[in-house]
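Hey, can you work out the whole structure from these sequences and the hints?
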Amino acid sequence: MDLNLKDKRALVFGSSQGIGKAVALGLAQEGAAVILAARSKEKLVLALEEIQSVAPHKYHDYLVVDLSKPEEALKKVKEKTQEIPIHILVNNSGGPPPGPVLEASISDFETALNSHLFSSHLITRYILPKMEKERYGRIINIISTSVRIPIPNLGVSNTVRGAMASWAKTLSNEVGSKGITVNNVLPGFTRTERLKSLLQDRAKKSGKSYEELVWALEEQIPLGRFGEAEEIAHAVVFLASSKASYITGQSILVDGGRTGCI
13 MDLNLKDKRA
23 LVFGSSQGIG
33 KAVALGLAQE
43 GAAVILAARS
53 KEKLVLALEE
63 IQSVAPHKYH
73 DYLVVDLSKP
83 EEALKKVKEK
93 TQEIPIHILV
103 NNSGGPPPGP
113 VLEASISDFE
123 TALNSHLFSS
133 HLITRYILPK
143 MEKERYGRII
153 NIISTSVRIP
163 IPNLGVSNTV
173 RGAMASWAKT
183 LSNEVGSKGI
193 TVNNVLPGFT
203 RTERLKSLLQ
213 DRAKKSGKSY
223 EELVWALEEQ
233 IPLGRFGEAE
243 EIAHAVVFLA
253 SSKASYITGQ
263 SILVDGGRTG
273 CI
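Residue numbers (the working numbering): 13 to 274.
Rather than coming from a laboratory, the hints here were simulated on the basis of the structure.
Below, a list of computed lysine-lysine pairs in the DSSO-like style, where the Cα atoms sit at most 27 Å apart:
no. : residue 1 : residue 2
1   : Lys55     : Lys87
2   : Lys145    : Lys87
3   : Lys208    : Lys220
4   : Lys18     : Lys88
Simulated restraints, written as ranges between beta carbons of each label pair:
no. : residue 1 : residue 2 : range
5   : Glu242    : Arg137    : 25 to 35 Å
6   : Lys18     : Glu115    : 43 to 53 Å
7   : Glu95     : Gln212    : 39 to 49 Å
8   : Arg51     : Arg137    : 15 to 25 Å
9   : Pro68     : Gly219    : 46 to 56 Å
10  : Arg206    : Glu54     : 15 to 25 Å
11  : Gln94     : Arg51     : 16 to 26 Å
12  : Thr182    : Ile96     : 26 to 36 Å
13  : Leu235    : Ile96     : 38 to 48 Å
14  : Gln232    : Gln212    : 16 to 26 Å
15  : Pro68     : Glu223    : 31 to 41 Å
16  : Lys18     : Glu223    : 37 to 47 Å
17  : Val66     : Ile96     : 18 to 28 Å
All of these numbers come straight from a predicted model, not from anything done at the bench. Ideal placement from N, C-alpha and C gives every residue a C-beta, glycine not left out.
Here is the structure:
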């Protein structure tokens, strides 16, 4: 299937590693020009080199940005994209530290909301007129299956991800008449550094080995394994294409069947 992204430009956050980088690679392989955005310049440079090696036919770029500072992040996005169109926006940010919700401080919530909801809101609001001008807009938010069923010991993350999903659904209703779609992709357990870190933390606290925890989680997944970042990216890339023009306001599970709801 030709996803026809050859004349499109994407801005992908959290794209120096993990799912975000896989999304950027997938979009580039389908012909899109990609702007990578993340905090680490060193990792961004490496990711950019990888993308240029597999998709050298387009001009790709990167932007060093810290989403925990929404106003500053917006300023940097404006500086980078002032003179260029953006057709695809992928909102994606690393998750908050683990812990019970009752142990979370106001500061914990503020930091997470800044990195996820507030930065996404400001940047999306700025990008939308560009999409209207181009008569093409795809906004995809990478969130979590906790939108459907909260994950134990991820109190702040569960709360903020839910807020993000509600924001996206509301936005989809407001911009649908302009032909712009807004969707969420909800990854399940995916083989990334984030998951590895969470399981290592849980192993220390539980006294179980990392391998035991992996085995126990894989048993909960009907497909019997963790997902790969590229598998999440496939869903995002499809939603970014013209083939997904009648899909909006949806939260799409990509979790190997683990989430126990219809």
